[in-house]
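The residues making up each chain are set out below.
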Amino acid sequence: MSIVSRGFHGRRGGDPALPPGQYLTEDFPVLSAGPTPRVPPAAWTFTITNAAGASRRWTWREYLALPAERPHVDIHCVTKWSKLGTDWEGVSLDTLFEEVEPDAPYAMIECYGGYTTNLPVEDLLDGKAWVAHGFGGEPLHPEHGGPARLLVPHLYFWKSAKWVSGIRLMDHDEPGFWEAAGYHNYGDPWREQRYEGD
Amino acid sequence: MARAAVRGRLTWTAARLAAVRDETASARTLTFAVPDWPGHLPGQHVDVRLTAEDGYVAERSYSLASAEGVELTIQRVPDGEVSPYLADVLEVGDEIELRGPVGGWFVWRGGTGPVVLVGGGSGIVPLMAMVRAHRAAGGAAPFHLLYSVRTPRDVYYAAELAEPRPGLEVTLLYTREAPPGHARPPGRIGPDDLAGLARPADCFVCGPTGFVEATSTLLVDLGHDPRRIRTERFGPTGA
Ligand SMILES: Cc1cc2nc3c(=O)[nH]c(=O)nc-3n(C[C@H](O)[C@H](O)[C@H](O)COP(=O)(O)OP(=O)(O)OC[C@H]3O[C@@H](n4cnc5c(N)ncnc54)[C@H](O)[C@@H]3O)c2cc1C
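Residue numbers (our numbering), protein chains in the order written: chain A, 1 to 198; chain B, 1001 to 1239.
These are calculated hints, taken from the structure and not from any lab test.
The model shown is predicted, which means the values in this text are computed figures rather than measured ones.
Backbone N, C-alpha and C fix where the C-beta goes; we use that ideal spot for every residue, glycine too.
Possibly wrong hints are sitting among the right ones.
[Unchecked claim] Computed, partial: chain A to chain B, Cβ under 7 Å:
#1 Ile3
#2 Ser5
#3 Gly7
#4 Phe8
#5 Gly10
#6 Gly21
#7 Ala33
#8 Thr79
#9 Lys80
#10 Leu84
#11 Asp87
#12 Thr95
#13 Ala104
#14 Ala181
#15 Tyr195
[What the hints assert, rightly or not] Here are the simulated lysine to any residue pairs, SDA-like style, with alpha carbons at most 20 Å apart:
#16 A:Lys83 to A:Pro20
#17 A:Lys80 to B:Gly1080
#18 A:Lys83 to A:Arg70
#19 A:Lys80 to B:Glu1081
#20 A:Lys128 to A:Asp103
#21 A:Lys83 to B:Glu1081
#22 A:Lys83 to B:Gly1080
#23 A:Lys80 to B:Pro1084
#24 A:Lys80 to B:Arg1150
#25 A:Lys80 to B:Leu1017
#26 A:Lys80 to B:Thr1013
#27 A:Lys80 to A:Gln193
#28 A:Lys128 to A:Asn185
#29 A:Lys83 to B:Asp1079
For reference, chain A alone in the conformation it holds in the complex:
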């Protein structure tokens, strides 16, 4: 079913870089469930814990010493905006997982402020995901997730959790914060998986 809206023309026909239902924005809107946590880099740590209980923790200084990459990617927010060709600086999760065996199929991303989001471990590996600390050539602003956020651009942007503090691997999947509040468990923008059941 699709009802034609009389007199609606829209801005223009489909840009192939835009997933269904998305529109292009030049701004960088903010989506968060609560106030912006202020995390001083000196107090920031990032911890990966695998299902066997092994864990590795990086301080801010140790994290910055890792080889960084500069992903140039499109991002898609579930509230409908997309931003094309954004420039980030961050550490590939492949680099981080060299030091902790990814021994389970599911991951829970944990953040300062209590936010969580879940995704399959395979979506974090093979050059698909980063911990990012720079945006547009500058340090990442707190309201966009600084000092560091996850960056998983092939999924809706709520999966790219802000103020990230760690990753916990799990044998069984569990819903994170928005996933428990009615949003889709996986969140592929190209299949328009916005809400539970999509």
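Following the hints, position chain B with the ligand against chain A.
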């Protein structure tokens, strides 16, 4: 109030515009007839989908302003793709598509604990659903609504908000121009506006990003528990 949280599949459904009411020179409230609307929680939103004759589709989110039934208030964003259509072109009897209700976080679930609502511009919309649900529930919880607007002419739901209601306090914060005799000089929301609020309280803050960032930071600085501050951001700029 509401029966349903979001569960199961949200399908697109036809919604017929049944009534229109102007709120301000640039915003109007649209009442839709939606068969089998399951009900919603105050604070939830719907997704609206418009389809052009050539098949081009645009989607946007709009908060439910009503406690019962489907009422949306649309602020016209200059040069916007969707809001000018909803705010100016759509006529009674026309159909659009929507799906919802959506969102399980920025919602008031009832109870008697104190609630602080802070809205900027069109950010009042989901808060109004909470105010209406609060009244329908008998007004037992102490509610305080702070509503930031540019001028007296920009107030949505003005007559309804001016009516005294048990358990509800309303404070208007004018940013550019206040009515004659108003004690507070026009200006952005600041610590003095928020200092006297109940604490602890469940806080709901909605509006343009800058407004939400400033307000939620002020609330945290005043000692509110960040975990009890829920925010919803509508757009990059505004009141
Ligand atoms: C959960 C949620 C609930 C919302 N509820 C409401 C509501 O109840 N009432 C309502 O009127 N809107 C609401 N919005 C905003 C709405 O979804 C649209 O973003 C808004 O109507 C603009 O869409 P547009 O197509 O007209 O403009 P677009 O074509 O998307 O944008 C045009 C230009 O305006 C800017 N812009 C986009 N949004 C805004 C804005 N809100 N204020 C100022 N400038 C903007 C853009 O950056 C762009 O430069 C809500 C948004 C979300 C995410």
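We went through each hint and held it up to the structure:
{"no.": "1", "hint": "Ile3", "in the structure": "holds (5 Å)"}
{"no.": "2", "hint": "Ser5", "in the structure": "holds (4 Å)"}
{"no.": "3", "hint": "Gly7", "in the structure": "holds (5 Å)"}
{"no.": "4", "hint": "Phe8", "in the structure": "holds (5 Å)"}
{"no.": "5", "hint": "Gly10", "in the structure": "holds (4 Å)"}
{"no.": "6", "hint": "Gly21", "in the structure": "holds (4 Å)"}
{"no.": "7", "hint": "Ala33", "in the structure": "holds (6 Å)"}
{"no.": "8", "hint": "Thr79", "in the structure": "holds (6 Å)"}
{"no.": "9", "hint": "Lys80", "in the structure": "holds (6 Å)"}
{"no.": "10", "hint": "Leu84", "in the structure": "violated (17 Å)"}
{"no.": "11", "hint": "Asp87", "in the structure": "violated (19 Å)"}
{"no.": "12", "hint": "Thr95", "in the structure": "violated (32 Å)"}
{"no.": "13", "hint": "Ala104", "in the structure": "violated (27 Å)"}
{"no.": "14", "hint": "Ala181", "in the structure": "holds (3 Å)"}
{"no.": "15", "hint": "Tyr195", "in the structure": "holds (5 Å)"}
{"no.": "16", "hint": "A:Lys83 to A:Pro20", "in the structure": "holds (14 Å)"}
{"no.": "17", "hint": "A:Lys80 to B:Gly1080", "in the structure": "holds (14 Å)"}
{"no.": "18", "hint": "A:Lys83 to A:Arg70", "in the structure": "holds (17 Å)"}
{"no.": "19", "hint": "A:Lys80 to B:Glu1081", "in the structure": "holds (12 Å)"}
{"no.": "20", "hint": "A:Lys128 to A:Asp103", "in the structure": "holds (18 Å)"}
{"no.": "21", "hint": "A:Lys83 to B:Glu1081", "in the structure": "holds (16 Å)"}
{"no.": "22", "hint": "A:Lys83 to B:Gly1080", "in the structure": "holds (17 Å)"}
{"no.": "23", "hint": "A:Lys80 to B:Pro1084", "in the structure": "holds (17 Å)"}
{"no.": "24", "hint": "A:Lys80 to B:Arg1150", "in the structure": "violated (27 Å)"}
{"no.": "25", "hint": "A:Lys80 to B:Leu1017", "in the structure": "violated (23 Å)"}
{"no.": "26", "hint": "A:Lys80 to B:Thr1013", "in the structure": "holds (19 Å)"}
{"no.": "27", "hint": "A:Lys80 to A:Gln193", "in the structure": "holds (12 Å)"}
{"no.": "28", "hint": "A:Lys128 to A:Asn185", "in the structure": "holds (18 Å)"}
{"no.": "29", "hint": "A:Lys83 to B:Asp1079", "in the structure": "holds (18 Å)"}
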